[in-house]
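Number of protein chains: 2
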Amino acid sequence: MSIRLVDTYVAPFVAENEYAAIQPMVTAAHKMLTDRSGLGNAFLGWVDLPRDYDKEEYARIKAAAAKIQKQCDVFIVIGIGGSYLGARAVVEFLKSPLYNNLKKDTPDIYFSGCNISASNMQELLAICEGRDVCINVISKSGTTTEPAVAFRVFRELLEKKYGKEGARERIFVTTDRSRGTLKGFADKVGYETFVVPDDVGGRFSVLSAVGLLPIAVSGVDTDALMAGANAAREAYADPDITKNDCYKYAALRNILLRRGKTTEILVGYEPFMQMLAEWWKQLFGESEGKDGKGLFPASVIFSTDLHSLGQYIQDGMRNLFETVISVKDTGATQLIPNDPENIDGLNFLSGCDLNYVNGMAQQGTLFAHVDGGVPNVVLELADRSAYSLGYMLYFFEKACAISGYLLGVNPFDQPGVEAYKKNMFALLGKPGYEEQKAALDARLAK
Amino acid sequence: MSIRLVDTYVAPFVAENEYAAIQPMVTAAHKMLTDRSGLGNAFLGWVDLPRDYDKEEYARIKAAAAKIQKQCDVFIVIGIGGSYLGARAVVEFLKSPLYNNLKKDTPDIYFSGCNISASNMQELLAICEGRDVCINVISKSGTTTEPAVAFRVFRELLEKKYGKEGARERIFVTTDRSRGTLKGFADKVGYETFVVPDDVGGRFSVLSAVGLLPIAVSGVDTDALMAGANAAREAYADPDITKNDCYKYAALRNILLRRGKTTEILVGYEPFMQMLAEWWKQLFGESEGKDGKGLFPASVIFSTDLHSLGQYIQDGMRNLFETVISVKDTGATQLIPNDPENIDGLNFLSGCDLNYVNGMAQQGTLFAHVDGGVPNVVLELADRSAYSLGYMLYFFEKACAISGYLLGVNPFDQPGVEAYKKNMFALLGKPGYEEQKAALDARLAK
Numbered sequence: 003m004s005i006r007l008v009d010t011y012v013a014p015f016v017a018e019n020e021y022a023a024i025q026p027m028v029t030a031a032h033k034m035l036t037d038r039s040g041l042g043n044a045f046l047g048w049v050d051l052p053r054d055y056d057k058e059e060y061a062r063i064k065a066a067a068a069k070i071q072k073q074c075d076v077f078i079v080i081g082i083g084g085s086y087l088g089a090r091a092v093v094e095f096l097k098s099p100l101y102n103n104l105k106k107d108t109p110d111i112y113f114s115g116c117n118i119s120a121s122n123m124q125e126l127l128a129i130c131e132g133r134d135v136c137i138n139v140i141s142k143s144g145t146t147t148e149p150a151v152a153f154r155v156f157r158e159l160l161e162k163k164y165g166k167e168g169a170r171e172r173i174f175v176t177t178d179r180s181r182g183t184l185k186g187f188a189d190k191v192g193y194e195t196f197v198v199p200d201d202v203g204g205r206f207s208v209l210s211a212v213g214l215l216p217i218a219v220s221g222v223d224t225d226a227l228m229a230g231a232n233a234a235r236e237a238y239a240d241p242d243i244t245k246n247d248c249y250k251y252a253a254l255r256n257i258l259l260r261r262g263k264t265t266e267i268l269v270g271y272e273p274f275m276q277m278l279a280e281w282w283k284q285l286f287g288e289s290e291g292k293d294g295k296g297l298f299p300a301s302v303i304f305s306t307d308l309h310s311l312g313q314y315i316q317d318g319m320r321n322l323f324e325t326v327i328s329v330k331d332t333g334a335t336q337l338i339p340n341d342p343e344n345i346d347g348l349n350f351l352s353g354c355d356l357n358y359v360n361g362m363a364q365q366g367t368l369f370a371h372v373d374g375g376v377p378n379v380v381l382e383l384a385d386r387s388a389y390s391l392g393y394m395l396y397f398f399e400k401a402c403a404i405s406g407y408l409l410g411v412n413p414f415d416q417p418g419v420e421a422y423k424k425n426m427f428a429l430l431g432k433p434g435y436e437e438q439k440a441a442l443d444a445r446l447a448k
Numbered sequence: 003m004s005i006r007l008v009d010t011y012v013a014p015f016v017a018e019n020e021y022a023a024i025q026p027m028v029t030a031a032h033k034m035l036t037d038r039s040g041l042g043n044a045f046l047g048w049v050d051l052p053r054d055y056d057k058e059e060y061a062r063i064k065a066a067a068a069k070i071q072k073q074c075d076v077f078i079v080i081g082i083g084g085s086y087l088g089a090r091a092v093v094e095f096l097k098s099p100l101y102n103n104l105k106k107d108t109p110d111i112y113f114s115g116c117n118i119s120a121s122n123m124q125e126l127l128a129i130c131e132g133r134d135v136c137i138n139v140i141s142k143s144g145t146t147t148e149p150a151v152a153f154r155v156f157r158e159l160l161e162k163k164y165g166k167e168g169a170r171e172r173i174f175v176t177t178d179r180s181r182g183t184l185k186g187f188a189d190k191v192g193y194e195t196f197v198v199p200d201d202v203g204g205r206f207s208v209l210s211a212v213g214l215l216p217i218a219v220s221g222v223d224t225d226a227l228m229a230g231a232n233a234a235r236e237a238y239a240d241p242d243i244t245k246n247d248c249y250k251y252a253a254l255r256n257i258l259l260r261r262g263k264t265t266e267i268l269v270g271y272e273p274f275m276q277m278l279a280e281w282w283k284q285l286f287g288e289s290e291g292k293d294g295k296g297l298f299p300a301s302v303i304f305s306t307d308l309h310s311l312g313q314y315i316q317d318g319m320r321n322l323f324e325t326v327i328s329v330k331d332t333g334a335t336q337l338i339p340n341d342p343e344n345i346d347g348l349n350f351l352s353g354c355d356l357n358y359v360n361g362m363a364q365q366g367t368l369f370a371h372v373d374g375g376v377p378n379v380v381l382e383l384a385d386r387s388a389y390s391l392g393y394m395l396y397f398f399e400k401a402c403a404i405s406g407y408l409l410g411v412n413p414f415d416q417p418g419v420e421a422y423k424k425n426m427f428a429l430l431g432k433p434g435y436e437e438q439k440a441a442l443d444a445r446l447a448k
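Line by line, the protein sequences give chains A and B.
Reminder that position 210 of the first sequence reads as 212 in the working numbering, one-by-one numbering, no gaps.
Reminder that position 231 of the second sequence reads as 233 in the working numbering, one-by-one numbering, no gaps.
Bound conformation, chain A alone (with noise of 0.2 Å):
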């Protein structure tokens, strides 16, 4: 088990009983989702995805950022969403946030196409400049504004660089099967493509081809990471809420929000964390923020935060739980130098390991956040390791499904993401949208 959730601190806030009554719906969500009788049943091929998965495009994902890796100094990855957010939680997990400012026999890796920023892509370009470039497009109609914007510049800036021959083996598309404007041009020019699989939503995306490459580039043992998910995909098989700690988050979660408790905080205790919050903020914002309803999804990364955010979660509005993830080896050393003069009085603390002090933080935090009235869900994982990651994402991903059946919302769609983009398209002239233009017009004229 690379995943233990304590229930230490989230016990003086929900009665026994509350487990008990649960249960049946857990029992239910769980047979909606094996039985693939629930709502989103369209989109369920993250499931058995760790198992599943398609061995020669893994093969091929694998010989691509072998490629990228001798081919370039920096790896320009493209997509929104779900086409970005997990590649670069990984990366950030498993490597570092400072992943492009360390030296390493891996290229850089940014991420563009998830923005509509100016002076972004200006640096963007500027950090290209004098250096060999890849890039991966992600997107599965090829026609989303943002990476579609940003695959313009770079395809333009590489062709300029190596001609449209030297383009060619720099540029890899991950998109749609078959269909699509994108995947016709990708066979038409002969850029290698991998999928974007029809059943998988972005958001549970990460440990497909739309994850994976990159991933890979960076030098993760994406074989571990599969096995982790896939060891995950094994352990919550059981809808009994004492045997499966997955679907016993879920619960938790839901409990939690019907007492009142409506905005969930992620904990991480390290740095490494933050772009795996941001991953999860989406995951279950996207899946359960829907028909008026859904825990909002916020994060910390402590002990940074306990000087910014602790002051409120200790003292403000009770409206809140939080979700420690507590990593338990971290992997580094890093002990505290002895100082004759002691002038910080830290003494007693000479030759400790950080990580030491890091885990009296994060339980003298537990204690105190409890004390002010929050719960605390803990979630311990074994260590920083791409298997453990993999079984995290899975656990997540799962617990998501869950949760949002006991919700009562569809956890797979995301209709709510269409209502900027036909704003926006109107406002910009695109053809189709004259109608919407002219009401959009008028509203803009009052």
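Be aware that a few hints might be false.
[Said to hold, decoys possible] No more than 30 Å apart at the CA atoms, straight line, and that leaves these computed lysine-lysine pairs for DSS-like: (1) Lys424/A / Lys263/B; (2) Lys245/B / Lys448/A; (3) Lys162/A / Lys97/B; (4) Lys105/A / Lys245/B; (5) Lys105/A / Lys263/B; (6) Lys263/B / Lys163/A; (7) Lys69/A / Lys97/A.
Just so you know, these hints were derived from the structure itself, not from any lab.
Since the structure of chain A is provided, determine the placement of chain B on it from the hints.
The following block gives chain B in isolation, referenced to the frame of chain A:
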């Protein structure tokens, strides 16, 4: 005016008489602040700081920054909470979140002492290898665990690398004016020191030496930053919310909170705004999150997070509102290349500037979110200049003070931050915490 509050997208959610009803309370809060008769009145040094700052010290800051720029490749800033968020927010906003990855004639700047992570420390040490280093330790007392430990590590590094004499020229200390062990030690050894003012809390300290030295090292025009802040100081002196957008923002926050909007999401449309949002979260979360009260501060960067939390905001629980910072002139230009193949169908945008598209994304999102039931307060910022940013920092500081008084809290204390520290010290066996340690050990043994 560098900032303009647009109330078009909050108007559907607020009745006219609510403004009238809250005006006397705003006037009372204004009086508490100007009379210095409110709670926390020992910490109002920030109010006139943009005019009354120590000119002699300010000149020394500039000289030290020039010396640091000449002496080093890597500048390590050691501090936590308010001792790092302000500087980092300003450097990222005005320079870039990719500042350390871009070519430039100023040193790389890394922040340390703001976590207890062994891996982060190891990475920073690796980054320093073979490069010239200066450090700035920022700690009022010198005894806060995180920065104290980092100072031990980096002082050791510098003394090994340059000797005690050489290190003395590379260590800059921002601390109490006269008290504290760090001040005593710095004076004894001969480090140049700068002042953490007694009457300015950490989260209000960005325009003191705390923020200004690192900001100046990055090459930001601190004169313009201070001038902008001072212009805001002069602009927001009238208690009438029809004439004072700063106070109107404070009033709106409280009106919306009382209507059940318990979470405020700060929205930016540029990656360079992310750390500004973190600064803002500390400012408001720590000032207002107490006595069981306060808006929960969250943040997103669009369009990135429209593909993450966007679904929730559009269609989830309706207990939130957004405050959008809209930068009118971002100072960068990026035209969208034409694609003869038009594979993405976006040729209607060929030749358009990304800023234009970003603006339409913003306008489209405002309509969509308001239609979805989310009030949107829009703060238009003139441009991405040091002057305008200084103006905005002061805008938020003063709005925070007024808002905290409207809420009925002391906006200038942070009693809740101590709780985890006391527990941590007890668990770590710090001398003097024996009784608390026994109590916590007993809880752990249960």
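Given the hint that Lys424/A pairs with Lys263/B, does the C-alpha gap stay at or below 30 Å? holds (26 Å)
Against the 30 Å threshold, does the CA-CA distance of Lys105/A and Lys263/B hold or violate the hint? Status violated; Cα separation ~46 Å.
Straight-line Cα separation of Lys69/A and Lys97/A no greater than 30 Å? Distance of about 20 Å is within 30 Å: holds.
Would you mind confirming whether the straight-line C-alpha gap from Lys245/B to Lys448/A stays at or under 30 Å? Answer holds: Lys245/B to Lys448/A is near 22 Å, not above 30 Å.
Would you check the hint for Lys263/B and Lys163/A, treating anything up to 30 Å between C-alpha atoms as holding? violated (52 Å)
Between Lys162/A and Lys97/B, does the CA-CA distance stay at or below 30 Å? holds (29 Å)
Hey, Lys105/A versus Lys245/B, does the alpha-carbon distance stay inside 30 Å? This hinted pair is violated, its Cα atoms lying about 54 Å apart.
Comparing the model with each numbered hint stated earlier shows that hints 4, 5, 6 do not hold.
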